[in-house]
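The whole structure should be built from the sequences, with the hints applied where relevant.
Keeping their order, the protein sequence lines are chains E and G.
When you line the first sequence up against UniProt numbering, it's residues 1 to 344, in that order.
When you line the second sequence up against UniProt numbering, it's residues 1 to 344, in that order.
Copies of the same chain look alike in the list, so a pair counts if it fits in one copy or across any two.
Heads up, simulated BS3-like pairs for lysine-lysine below, C-alpha to C-alpha not over 27 Å straight-line: (1) K180 with K192; (2) K128 with K85; (3) K125 with K37; (4) K192 with K216; (5) K149 with K127; (6) K155 with K216; (7) K37 with K127.
Hints were generated in silico from the structure; no laboratory data involved.
Number of protein chains: 2
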Amino acid sequence: MATAAVADGYTVGVVGATGAVGEEIVSVLSRRGFPVKQLKLFSSARSAGKVKNTPLGDITIQEFSVPEARSCDYVFLAVDGDFAKEYAPQITQDNGPVVIDNSSAWRMDPDVPLVVPEINIAAAKGKKLIANPNCTTSIALMALYPLHKEFGVKKCIVSTYQAASGAGAPGMQELLDETKKYVTTGELPSNKVFAHPLPLNVIPHIDKFQDNMYTKEEMKVTWESRKIMGLPDLRVSCTSVRIPTLRAHSESITIETEKPVSADRAREVLRAAPGVKVVDDPLNNQYPMPLTATGAFDVEVGRIRANDVFGDCGLDFFVCGDQLLRGAALNAVLIAEALVKQTA
Amino acid sequence: MATAAVADGYTVGVVGATGAVGEEIVSVLSRRGFPVKQLKLFSSARSAGKVKNTPLGDITIQEFSVPEARSCDYVFLAVDGDFAKEYAPQITQDNGPVVIDNSSAWRMDPDVPLVVPEINIAAAKGKKLIANPNCTTSIALMALYPLHKEFGVKKCIVSTYQAASGAGAPGMQELLDETKKYVTTGELPSNKVFAHPLPLNVIPHIDKFQDNMYTKEEMKVTWESRKIMGLPDLRVSCTSVRIPTLRAHSESITIETEKPVSADRAREVLRAAPGVKVVDDPLNNQYPMPLTATGAFDVEVGRIRANDVFGDCGLDFFVCGDQLLRGAALNAVLIAEALVKQTA
Chain E
1 MATAAVADGY TVGVVGATGA VGEEIVSVLS RRGFPVKQLK LFSSARSAGK
51 VKNTPLGDIT IQEFSVPEAR SCDYVFLAVD GDFAKEYAPQ ITQDNGPVVI
101 DNSSAWRMDP DVPLVVPEIN IAAAKGKKLI ANPNCTTSIA LMALYPLHKE
151 FGVKKCIVST YQAASGAGAP GMQELLDETK KYVTTGELPS NKVFAHPLPL
201 NVIPHIDKFQ DNMYTKEEMK VTWESRKIMG LPDLRVSCTS VRIPTLRAHS
251 ESITIETEKP VSADRAREVL RAAPGVKVVD DPLNNQYPMP LTATGAFDVE
301 VGRIRANDVF GDCGLDFFVC GDQLLRGAAL NAVLIAEALV KQTA
Chain G
1 MATAAVADGY TVGVVGATGA VGEEIVSVLS RRGFPVKQLK LFSSARSAGK
51 VKNTPLGDIT IQEFSVPEAR SCDYVFLAVD GDFAKEYAPQ ITQDNGPVVI
101 DNSSAWRMDP DVPLVVPEIN IAAAKGKKLI ANPNCTTSIA LMALYPLHKE
151 FGVKKCIVST YQAASGAGAP GMQELLDETK KYVTTGELPS NKVFAHPLPL
201 NVIPHIDKFQ DNMYTKEEMK VTWESRKIMG LPDLRVSCTS VRIPTLRAHS
251 ESITIETEKP VSADRAREVL RAAPGVKVVD DPLNNQYPMP LTATGAFDVE
301 VGRIRANDVF GDCGLDFFVC GDQLLRGAAL NAVLIAEALV KQTA
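Laid out in structure tokens, this is it:
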């Protein structure tokens, strides 16, 4: 499909429309003014038939079916990897619609482009299935890639401060409910979504542990950064940590560069980078924070400073981006926007 | 002084007895069974005269005075740096008592030993004024020093997850009060103690910014690690971040070593290290967390894994220690314990 005239707009499907990412995709389609002719919201049988009030009007949720999904021009998958693995090929086959998949199912498939539009949208050209990166990766790369282009990144060490939204709406709800329980009754927080109670705690464990004792979440930052930036030998180590915040991920990043780097030059480069907001006025208490990055499209970058651990080739910085936006929905919608322009 | 017979025990003064660290010092003196003959609690005029219920009995708080402090054998200063700068010399002069100062006032003075007892207690021998390190530093060094002895640490990159207790009892109270306000009324959190609201937020700013755009808190980790370990050229970069937890600091640490290092060998070394508890069984969801490290004397170390950013000389690990214990009160009391043994 994907052949409707721009004047008419496109039929857009969102699969997993009742989840945190699905809801955010609809919101971003509206905020960005994506040319939607018709919006189809797909969910499991349980939610089907319910009317959902969205920024694009009241829409009756449909149970997902391949033929209905194939009737769209663009389909966003905001569902788990198993679902995406099974259904993405069925939706796209035989000149079906473009599918932008938010799960990790297809990201490392050599035939599937993994795209941050500001970095490698060219890889998506003519493709029917496009993978949206891991949230931590896409947020980090907004700063890392412009710095790489200018200075060359050799080594990258990342420690994350990840919000509950990475575990979806149930994760956010558990954090709020258990926090409320603790601060109002003194009863200790409990947990179902997270491996341990999250309120007032820190959990250095997101996704499954791998043989090398990194988590899969940590390795995604390595694998996906290499693929998106086209740097198969980039040295990356990430420590992924869940903390009690709602929906913006922060990351403390240290890099070693090929060419000498200074904080001033890095700041200049980042100011010119798309999708980045340099928030770096420490003497006026301005630096990236979930408080200010939540709900914003741009990734905040600050605390930019020379790090002499790597002589004159070291830089430290801190990024903060909305996990549901740049980390998911915004990146996905920007891919679709770019494809619309490519085909227009 | 400091000459009373051990059989009798010692007269111990705590200055700043109503603060978070002061209270914890009294608790640790009791938990460790420090030989206290008499406990004197000093505070400002405002609290003087009040009776404080402590694990060592009900004690009437006194207004601080130099002569009263000088009547002690050991004096713990749990007050700000300005106070310590002014009064520490007046208390110790002319063979006065031993003063163990928790502030940063004297830490970098070349004549004042800066001590983590498990590392460099020898530096305290015969000294009247001893500085207790910054909390982030002492917690990190419990793991870093044993690894250094075995493998040689060349580079060290630290990102912290610091609890509200670093800003004292008012910091902890603000976090709890503002969290409660937000989750029960929806009213946005406000702030007086911290630079920004802390509930559900992350603030990459602790202490003042320096000319190099690191904070003083971050530079303390560099300066104090070098002094305590006797490694003036150690390359350290720290990013200090306040997060919404109550009283245990976590730290994500990456090191480059002189000699090749493996996770297994590092784990062995750390299991044999005093003051360290290796909590590193990820497949059973066991790793360092504030939930388990709070209230414990030992610093938890886990998520130990080889980091190939530095070839076969890289290691990542995660530490978590009680900010008020290893980060303050416990370290101070252990210094006093060691001095008692030295003089016995």
